[in-house]
Each structure stands twice: as structure tokens, then as C-alpha cells.
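Given next are the chains, with one letter for each unit.
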Amino acid sequence: METASIQFEPFAEDALLLRFDHRIDAAINARVHAAVATLRRDLPLLECVPAYASVLLRFDPLAWRDANTADPHQALERAVRSALGATGTPLRAPRERDIPVCYGGTHGPDLADVAQHLGLTIDDVIARHVTADYRVAMLGFAPGFPYLLGLDPTLAMPRRRDPRQRVPAGSVAIGGGQTGIYPDQLPGGWQLIGRTPLRLFDAAATPPSLLGAGDRVRFRAIDEDEFRHLEAEQRA
Amino acid sequence: MSVTVLKPGLLSTVQDGGRPGHAAVGVGRAGAMDVPAWRLANALAGNRGDEAALECTLLGPTLRFERAAWIALTGAPIQAHVGEVTLPPWTACHLPAGSVLQLGGMAVGCRSYLAVRGGFDVPPVLGSRSSDLHARLGHEAGRALQAGDMLPIGPGAPRGPDTTQSVHAACWGLDPQPWFDFALEPITLLRGSHWSQLDEASQQRLHGARFGIGKDSNRTASRLDGQTLQLRAPLELISEAALPGTVQLPPSGQPIVLTAEAPVTGGYPRIGQVAAVDLPRFAQRRPGDAVCFRHGSLEDAIARLATRERALDRLLKHVAQRLQQDGCTNA
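From first to last, the protein sequence lines are chains A and B.
In terms of this note's numbering, the first sequence opens at residue 1 and continues consecutively.
In terms of this note's numbering, the second sequence opens at residue 1001 and continues consecutively.
Do not take every clue at face value.
As the list claims (entries may be wrong) - Interface residues of chain A toward chain B, partial, derived using beta-carbon atoms under 7 Å:
id: 1; residue: Ile24
id: 2; residue: Leu56
id: 3; residue: Gly140
To be verified - If you only want the chain B side, here are some residues facing chain A, beta carbon under 7 Å, derived:
id: 4; residue: Ala1023
id: 5; residue: Ala1024
id: 6; residue: Val1027
id: 7; residue: Ala1135
id: 8; residue: Ile1153
id: 9; residue: His1207
id: 10; residue: Thr1265
id: 11; residue: Leu1305
It should be emphasised that the hints constitute simulated quantities derived from the structure, not laboratory data.
All C-beta atoms in this analysis are idealised placements derived from N, C-alpha and C, irrespective of residue type, glycine included.
Based on the sequences and whatever the hints tell you, model everything.
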């Protein structure tokens, strides 16, 4: 990986930020995930926290020293540039996840409004939402909440003026040019278009989050019967 | 062996060192707000180190100990009674079975730690017993204590017949002075990524002017009152990492200092980062308290952190040795 363009910025005593860019962009985000995969393999003692166009590295500043410098951030920057700069780094293909979604009705109370606002039919909105190929840009906001890149730009939709106090767990939503899934009952201002019966976050499971940053995601439309069937399966 | 919560206090939570390693899936560390106080409470109670303790906020809980226990209180000095007996802070205390420990208010500071030998043994979640109220993880899906809660105590509680029927405190305790900021000294701030985007007057106000801790402060963040800060020009940012200690500037111009339950990402400009060594002192500021910041370099902050860690390690060892000499440990 070319590393000259990456900015390294000390963030805290035990944290160094790697900034790839200042934009939300699928290609930049893919570089973030490639860097994280390499760093997790080559520098396993670091904790890597990916975001859209940056990665935060957390480390023990009292342990990171090298022969050239007493400055742990500089020592770490050198190690990271060396790891990322090595050529021929084989990377695994991203994991793919299929997310079943029951669109509209009680599961997607904003779907009709979204269609009307965009001048599309409800079926158009669903078709465009299931056709796209998404990547998990990062997780945040709440445990297991994926920010997905890849939304058809014709489905971009402003957030609601009055955010809901309680969005049901599993709600699939559009916020601006992004789409996401609420892993738990949470407050939220995104437009709810459907709901998945899958459990996105379970602290007792290994791993606890169904999705990881960098995963590929596809949505699949299901009907109410299948929703109930899958929901019962998840509970079992 | 367990402890029953008779009154929950204002906001009492089970806390340990938190759950590092899960930020990539949106789970922050949480854990004790004043980490050295939590560690010293454990040491005084005769624990090895990372057992869960109770973090009490402003007004402590009332608890009944079903069996005899060794306990210790650290952090903000808190009123503590068992019946007529007043318990000294920063001191190992023995409670006989059936004791009702009444924790009251704190004249200064915001958070006290109650450790019990054996630790509060609630089921760990992702490797930690810490209650993360924001992410809803930990004891009873991440909530504060409620009346009626039964908190199990881990192995290590006093064994054998309970020969003492009275409450008693060890004849020695720790000096809280190095570990509690009675004087509300300035808090060291490292420059954040967007500090240079503040206008000149705001840069000066940030380092030197007096702020107040906002009323709506909690374990996630404290809003700073009294001054507003401005950027030279509005910034449109995409979400990047956030950490405990990160000072954000939302459009209102009132800075927010993120604390233990900080979200793992944020989209506001980051104008500063509280030095890690000063985070425990910041955690002890209560709503209405004054806070001033002074600029510090990363190098100095790391050096001060290293010095603090060495002093803390020495003290923890010393406490363990002293307890052993006293015959206060089971090992």
C-alpha cells in the first residue's frame, strides 16, 4: 500500500490517528479496511478502530519505544508505515452477509413517505434498495450499528425532523446518502423502510457483532411469514 | 455471599477497568471514571486488582451485607456509617454479617468507590463487569443499581467462623491527597485535530478561562458552561474516532468533554484531548464545579502518566504487603 499520503496524527497518549482522506468514499474506505486487515495481522497488540476515512490505533505508550526514538507515536508510525508499505500483502476477500428485510408496513413506517418524497413507487424503492452492493464502512453510534456505503444515490433521503425516541431493533433505515440497521431499540432520526429479524448484536455471542467493518452486505426482501419464521429461529 | 441494595443512591454502578478491544464493533471501554481510586479501593479491600467495585455518584447507596466482609472506600470522601459507627475513607474496614452500610453524600468530588474483598461478582459481558449505561451492557443490561438488587460477592470473602461481631477499621489508611484533587487544579489539555480552527480569542479562552461543569453531565460526557468558543469558519466533518477525554465543539459553541462511556466515533470538531493522567481528576468535578484548562505537550503528558503509574504500582504493592503483615488476607 502507498503510505506517503497517509497523515499520522497523535490523538492521545495511547492513540494515533491514521487519516487517509476527509471524504466518505467507497474506494477510500476500502483502503481503510485493507490497512486494518494488515495491521491486525502484523501488529496484533494494537487495537484498530476503523472509520470512514481513518483508523484509530490504540497502544500502550509506556511499552512502545524503538531504538531510534523515545517518542512512542513516532516509533509506532514507523512500524505502521513499514507494515503497510510491504508489498504483496495477501488479503482475504471481504465476508459477505445476506440480510433478509421485510419492507414497509409496520416494519417500515416511513417507506411510503420516502417513496412519495423521491417520486418513486414503493416497489421501486425496495427494488433499488435490494439491488445495491453495500460495504460496512464502520460500526458506531451503538454496539453493532453498521454505517453502510453503496446506497443508490436516488434513494438519498433527509433525516426526519423529529427523531423517534424508540426505533425498534432490526429497523433498516436511510439517513442522507447512507443506509444502516438499528441493532437494538434506540432513539433515531433515520427514515425506517423495513426491518430484519436477524439479531445484529449479541454480547454473549462470538463474535458479538453480526457485521464487521469492511463486510459486504446485500439485502433480500422477505414477506411477513418469513420474517416471523426467521424471528422465531433467532430466538431459539 | 451477597450484598442487598436497600437504597440505590443517586447513580451507583458496578465498575471495573472496562472492556477494551471492542471499539471496532461500536462498544466503548466504559469502566471506572476514576481508575486510580478504583484500583486503590481494591487494594485496600485485599483484592488482587481488577475486581469490580461500586462507583457511587454524589449520593451513595445503602447496602446490607449478608455475610462478614472486608471493604474499602476511596475517591471522593463520602459519609459512611454502619449504625452509630463512622467508617474512615481510604482504610480497610471489616463489617460483620448483617451490617447495613449507609453511604451518604460527598462534600467535595463526584465519585466514590466501594470495593469489597472478592469483588462484586456480576456476570462479565465481553470480558468486563462494568456497567455501560450508554451501550446497555453489564449488570442487568447496563443499568444503575435499584433497590432490591442482590450483588453476588466473589470468592475471597473472610473465611472461617466470624469471630468479630463489631465493625472495625484497620489502624492505618492511605493519604488521599495525591489521589484526589481537593484544590481543583487546572486540567491539562493536549491540542486536538481542530484546535487550530478555533478563532484566536477562543484559543485563548480554552486555555485559561473558567468553565463550569454542566448540570446534565453523566458518565458519557460533561458539557462545559460559562464560555462559548467559535471556529474561524464552519467545518463539515465526517465521523472519526472519539475517546474518553476528547473535547468536542458542537455548533452551540459549548464544548463537551467525553468521559468513560464516550461513543467510539463522533462528527464534531475535536479541539482538545484531556491528558490521560488528568482524566481521573476531571471525573471528580461535579455539576457546578469550576474547571480551567492549561495546554500541555504530549511528551510531558506521557512522562506524567509514567510517573503516576510507577507511584500507583508501588503503592498497590505496599498496601498488599501491609495487609499481609496485619494478617488481613486469606492467602
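How the hints compare with the structure:
1. Ile24: 5 Å, holds
2. Leu56: 4 Å, holds
3. Gly140: Holds, because the Cβ-Cβ distance from A/Gly140 to chain B comes to roughly 4 Å (cut-off 7 Å).
4. Ala1023: Holds - the Cβ of B/Ala1023 comes within 7 Å of chain A, reaching about 4 Å at its closest.
5. Ala1024: 5 Å, holds
6. Val1027: 5 Å, holds
7. Ala1135: 5 Å, holds
8. Ile1153: 23 Å, violated
9. His1207: Interface hint status for B/His1207: violated (18 Å vs cutoff 7 Å).
10. Thr1265: Since the shortest Cβ distance to chain A is 4 Å, the answer is holds.
11. Leu1305: 6 Å, holds
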